[in-house]
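Dock chain B against the given chain A, drawing on the hints supplied.
Residue numbers (my numbering), protein chains in the order written: chain A, 975 to 1229; chain B, 975 to 1229.
Hints are computed from structural coordinates only; laboratory data are not their basis.
Watch out, some of these pointers could steer you wrong.
One copy or two, it doesn't matter: identical chains are merged, so the pair holds either way.
[Said to hold, decoys possible] Capping the alpha-carbon separation at 30 Å, the derived lysine-lysine pairs in BS3-like fashion look like this: (1) Lys1077 to Lys1030; (2) Lys1131 to Lys1030; (3) Lys1131 to Lys1211; (4) Lys1071 to Lys1131; (5) Lys1101 to Lys1148; (6) Lys1030 to Lys1071.
Protein chains: 2
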Amino acid sequence: MEQYAAYIFDLDGTVYRGTEPIHAAIYLINELQARGIPCGFVTNNSTKTPEAVAEKLNGFGLDVRPSQIMTSSLASAAYVQEHGIQRVHLIGEEGLKEALTAKGLEITGTQPEAVICGMDRGITYEKIQQAARAVDEGSLFVATNTDRALPAEDGLKPGNGALVSTVAVASNQKPVVIGKPEPSIMHAALNAFAFEADATLMVGDNYDTDILAGMRAGLDTLLVYSGVSTRDEVSLKPEQPTYELSDLSHWQLKS
Amino acid sequence: MEQYAAYIFDLDGTVYRGTEPIHAAIYLINELQARGIPCGFVTNNSTKTPEAVAEKLNGFGLDVRPSQIMTSSLASAAYVQEHGIQRVHLIGEEGLKEALTAKGLEITGTQPEAVICGMDRGITYEKIQQAARAVDEGSLFVATNTDRALPAEDGLKPGNGALVSTVAVASNQKPVVIGKPEPSIMHAALNAFAFEADATLMVGDNYDTDILAGMRAGLDTLLVYSGVSTRDEVSLKPEQPTYELSDLSHWQLKS
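Just chain A, same shape as in the assembly (with noise of 0.2 Å):
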């Protein structure tokens, strides 16, 4: 196998799972770290800053810095920066109004240029009515991630793509999809990190996110069983990942 220069991992079902470390995958980031080879994270979550998210992660035995973490959060600011839009409204948590507000960015109802929609448990009709005419009166219509539900262990809970539809539905307007299975996220964090997409893999547990993310980037990726994807699953996929593990301890480094 090949040597990269660089990884990008998922979060959830490939470095935890919930509140629990997944070990390999902490063994693994440690000794690429060492080793002087850079590690980045991408998650789809918007609610969470990378402080946040490194805080987790840091609590699990790692030792990541807030830089080390592209949030579909951010990648939806900097996409909207890089569009050139000044004026936004949102319907989201904390880690969506940070990221837009640390890129300099004006939160306003009032005529935004562009609406982006991330995860929001205090989703009420208002909210809905507001992102909804704005989009239906030409601002850009931009959904942080479209995950039907998120990863929980106590029963289904409605994922941001659930909420996202309801503005679509209202406004007649399909979104700009920010997250993963998109590549938008991936070039956010190779931008952000310095990456190159022809030296890095692409490490995750679910091909219909991550893999196909990685893909669509132009990056080899390494799909690992260990969360969603099943084998049975993936084996049908048109395309195949560049790898696939039982577990992250398979994965050998030249030594």
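Showing chain B alone in chain A's frame:
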């Protein structure tokens, strides 16, 4: 033109616009009732009770009883009852709660046999989650209607189609839809009013809901251009309404 034994009217855009009566419709309905030709009314609005709808109509100078009103909530209650269901969970407002209770259905969050989703301007993440979980666990998924937006004079108001989509996306299931353009609400109306489909005229302003629902339930249809649809749009439809008029004052009854 044929003589019809009974008439069914849509409401918003046909009998009134928001808070303003459409005088030609009021005149026609009063004239029909004076001649002993029975009239009924169908509305996708799931939030109002038939009493509230009748009161609004009577405020415009009609003489209508609640038993002449079929709402998407009443039709949904009839639908689940006909399917042998006794235990239901709902998202919705007063009109839906009353309709289900009046049919003797038990409203419960615990192992409901059906989840009925109507318009709810008090929607929350918890309500979406509870409904999506019940559907995910096998409850029949019923939507009173899937209107994208509500009729409104002061800008876009998301309709129940926008809210139902949350449960549909999260649970990855499509609902059984009761309201127009589906024929269920028309079957419920014909049954409740004791009208025969082939002797009844459906009158509405919206081709894509009123006229399609009438056609699908086997009624002749009269499209009046006093609301949503325009002659240019409708001229492109593969199936034309039986009659079309710019205004109901042009509808002539046999003397």
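Each hint tested on the structure:
{"no.": "1", "hint": "Lys1077 to Lys1030", "in the structure": "within (24 Å within a copy, 51 Å between copies)"}
{"no.": "2", "hint": "Lys1131 to Lys1030", "in the structure": "within (21 Å within a copy, 40 Å between copies)"}
{"no.": "3", "hint": "Lys1131 to Lys1211", "in the structure": "within (27 Å within a copy, 41 Å between copies)"}
{"no.": "4", "hint": "Lys1071 to Lys1131", "in the structure": "both (22 Å within a copy, 25 Å between copies)"}
{"no.": "5", "hint": "Lys1101 to Lys1148", "in the structure": "both (18 Å within a copy, 25 Å between copies)"}
{"no.": "6", "hint": "Lys1030 to Lys1071", "in the structure": "within (20 Å within a copy, 44 Å between copies)"}
Checked against the numbered hints given earlier, this structure breaks none of them.
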